[in-house]
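Keeping their order, the protein sequence lines are chains R and Y.
Just so you know, our numbering puts 295 at position 295 of the first sequence, and the rest follows in order with no gaps.
Just so you know, our numbering puts 1083 at position 83 of the second sequence, and the rest follows in order with no gaps.
Keep in mind that the hints were calculated from the coordinates and are not lab data.
Please note that a few of the clues may not be correct.
Rough simulated footprint, nothing fancy, chain Y against chain R, three-plus residues with beta-carbon under 8 Å [stated by the list, open to error]:
(1) 149 to 156
(2) 201 to 215
Residues from chain Y shown here face chain R by an in silico Cβ test under 10 Å; the list is partial [claimed, not checked]:
(3) V1016
(4) S1020
(5) T1045
(6) I1085
By construction, the Cβ of each residue, glycine as well, lies at the ideal position given by its N, Cα and C atoms.
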Amino acid sequence: MQNQPIHATNNGSASNPHAGQTLSGAEILVQVLADEGVDVVFGYSGGAILPTYDAIFVHNQQHVTTHGGKQPMPLIVPANEQGAGFMAAGYARASGKVGVAVVTSGPGATNTVTPVRDCMADSVPIVVICGQVPTSAIGSDAFQEAPVAGVMGAVAKHVFLVTDPEKLEATLRTAFEIARTGRPGPVVVDIPKDVQNWRGVFKGEGRLPFPGYRQRMNKLARSVLGDQECARFWALLTQSKRPLIYAGGGVVNGAAAAELREFAREFRIPVVTTLMALGAIDTTDELSMSMLGMHGAAYANYAVIDCDFLFALGARFDDRVAGDSQRFAGNARTIAQIDIDASEINKVKATQWSHVGSLAEALQALTAYGRKNKLTISTDGWLKHCDELKKKYAMNYDRESDLIQPYYLIEEINRLTQGRAIITTGVGQHQMWAAQYFDFQGPRQWLTSGSMGTMGFGLPAAIGAQFAHPDKLVIDIDGDASIRMNLGELETVTTYELPVKVVVLNNNGDGMVKQWQKLFFKGRLSASDKSLHKKDFIKAAQADGFPFAVRLDRKQDVARVVKEFIEFKGPAFLEVNIDTEAGVYPMVGPGQSYEQMITGDFIPTRAIAKAEEKLDESKMF
Amino acid sequence: MSNKRHIISILLQNEVGALSRVAGLFSNRGYNIESLNVAPTEDPTVSRITLVTTGTEAVLVQIVNQSLKLVDVVNVDDLTRDAHIERELLLIKLRHSSEQSEALRNTLAQAGAKILSDDPKSFVLELTDSEARISSFISTIGQHCEVLEVVRSGALAVLSGVETLRS
Chain R
1 MQNQPIHATN
11 NGSASNPHAG
21 QTLSGAEILV
31 QVLADEGVDV
41 VFGYSGGAIL
51 PTYDAIFVHN
61 QQHVTTHGGK
71 QPMPLIVPAN
81 EQGAGFMAAG
91 YARASGKVGV
101 AVVTSGPGAT
111 NTVTPVRDCM
121 ADSVPIVVIC
131 GQVPTSAIGS
141 DAFQEAPVAG
151 VMGAVAKHVF
161 LVTDPEKLEA
171 TLRTAFEIAR
181 TGRPGPVVVD
191 IPKDVQNWRG
201 VFKGEGRLPF
211 PGYRQRMNKL
221 ARSVLGDQEC
231 ARFWALLTQS
241 KRPLIYAGGG
251 VVNGAAAAEL
261 REFAREFRIP
271 VVTTLMALGA
281 IDTTDELSMS
291 MLGMHGAAYA
301 NYAVIDCDFL
311 FALGARFDDR
321 VAGDSQRFAG
331 NARTIAQIDI
341 DASEINKVKA
351 TQWSHVGSLA
361 EALQALTAYG
371 RKNKLTISTD
381 GWLKHCDELK
391 KKYAMNYDRE
401 SDLIQPYYLI
411 EEINRLTQGR
421 AIITTGVGQH
431 QMWAAQYFDF
441 QGPRQWLTSG
451 SMGTMGFGLP
461 AAIGAQFAHP
471 DKLVIDIDGD
481 ASIRMNLGEL
491 ETVTTYELPV
501 KVVVLNNNGD
511 GMVKQWQKLF
521 FKGRLSASDK
531 SLHKKDFIKA
541 AQADGFPFAV
551 RLDRKQDVAR
561 VVKEFIEFKG
571 PAFLEVNIDT
581 EAGVYPMVGP
591 GQSYEQMITG
601 DFIPTRAIAK
611 AEEKLDESKM
621 F
Chain Y
1001 MSNKRHIISI
1011 LLQNEVGALS
1021 RVAGLFSNRG
1031 YNIESLNVAP
1041 TEDPTVSRIT
1051 LVTTGTEAVL
1061 VQIVNQSLKL
1071 VDVVNVDDLT
1081 RDAHIERELL
1091 LIKLRHSSEQ
1101 SEALRNTLAQ
1111 AGAKILSDDP
1121 KSFVLELTDS
1131 EARISSFIST
1141 IGQHCEVLEV
1151 VRSGALAVLS
1161 GVETLRS
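From just these sequences and the hints, can you work out the full model?
Below is the structure:
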């Protein structure tokens, strides 16, 4: 057989058909985006980015006929650059590909600081390209100038300021590489206007030298679990009677959901997931113990208390999971951990076994070793115990209430979508209810601002996700306060005729803030009650062109209206006036241990919570 | 766990904002910097940062691992974990006092300090030594005459033997 020629990859190759052409900096930028497989960009125009916007326009015009009448790189315009950043993030979270936002200098760039930090905190790969004032004007307090390298340097995985136009092409290619390799994250490329207008030869290949970073990436790639380490892991696991997998966002980001499921099923080990890992295991799987943490399922948290071996996979023991890190999983004799990021090992909780490297490969190695050596653990009793926990302490709420309970509304949507929809959220009570009551068959269906907790995330993220998956059902479950933060993006939904479904669970204010004020501030609702606000969400949605905009305020209408809403073919908006007193339970107070969890009026509690224990207010965040 | 003094050496690519990212990492994560030195190396694309910090063992592991996440960091090491050589450069300006000058000159000779400028009103001295001995020299000399200005490089350090931070 003849050797097959090696095909050019999008990492840059001399066989790039455009190599050798003289192009403007802006045209080079667009060509690198095209080579990287970018099929949509989100952004808002302005003076310092005009050359690039023109180059995107020309690129789309030139390729529209060879692209089946569609623009190869549509430019989606938000109401505010924060929206563009979250659209890119929603696209990236839903697809696993790098999302791209292109914005102008000054306010355009600073408006994306929040989504960039949000992506850093949740390890989401995006590239943000910012126009910058011309090189000669940098540092002169020019019109629409902001110190982007300094501002973004503190929040992004990496920032480039391109002052040498000869390096533009390599810089852009490197930006994509850095965004998607190792622990993924946001990369910002700040490009002065004169660099966009410069003309030079497109090389079609080449990246910037990053000897340290690449060496570390190569080391990660070579970091395979050897037999000795597998043996040590199995020696610990086989001593365990009550093992529990604690799966985090790294399982989703590291594309290790299949390996997680295989490992868990092969050796019959139950799985709790963090907020970020919902869908890593099908939430209806018999081994799934749902979400743990501050608002985790009671049975998930009880399983964490009861386990004697905790296996953290791409999870980082953050304060919403291990508020009291000392007492977290206090009965676990072994804590084992795998992460792509060495700094997460032993950061919060000391481990007895750990590995830094690819999660998928490590799990494959552990599964193979277990099979090869016919290793088993008898978890029958433990699984029976977990099953009893699941039944006895199941999620529940006031089903007899005459008011619309948010949980009921979500259950009704879930009954129709069956764990197949892509769900985005804002931040607060509605986010936790959605996490608790929706099912997710697979990863990348649940898009939420986990670490940063950015209100306003839901609507733009849903728009980005719909571009990643034009044929899937995308639902933004939002709150009345969260959606206000980026309400301008309602119009973006209809402008691009996206069939996004928007649900506003309206409880007249910042529900989670009110919940904390009731618990910790004697019920003084400082600045969180919006019952006197005048906003008519239905009129707002109608004004922005939503053909379906319905308000639900009677319980008996829920099933019928939800069905009409979900089955509607175009953009649809549903406002639901929910019980304003509805709370999020269970709840582990900030800084408290799972033993102190309160479960509310409708979920039984296993032990009496030590309510009298005084909280340290400085730790209450 | 007790706080100990550590010398961290960082090789850093000369990129826009690279130094501020390292400094920002320390301030954003609440690690302290007792001294900081940045200067070019044998490789024109790389600078070397030497910084002195204090922290527990766990904090030091975090400092090294978090620094290694900065894309333009070539390598990081806690030199105090291995055999190393440490030096600091001191430039110090003292007010001249003729009646004490004999005693003063003896102290300087003992410490190995060099007089760089000597005018009727002031001395400028140079001393290279460990950070601890520089500090003790400054307090001793302050008993002999008035210290006008202290300029210190911060600690510099290099691993003993053939091993380098690059390797």
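The hints, checked one at a time:
1. 149 to 156: holds (count 4)
2. 201 to 215: holds (count 5)
3. V1016: With a closest approach of 4 Å, the V1016 of chain Y hint holds.
4. S1020: 6 Å, holds
5. T1045: 8 Å, holds
6. I1085: 24 Å, violated
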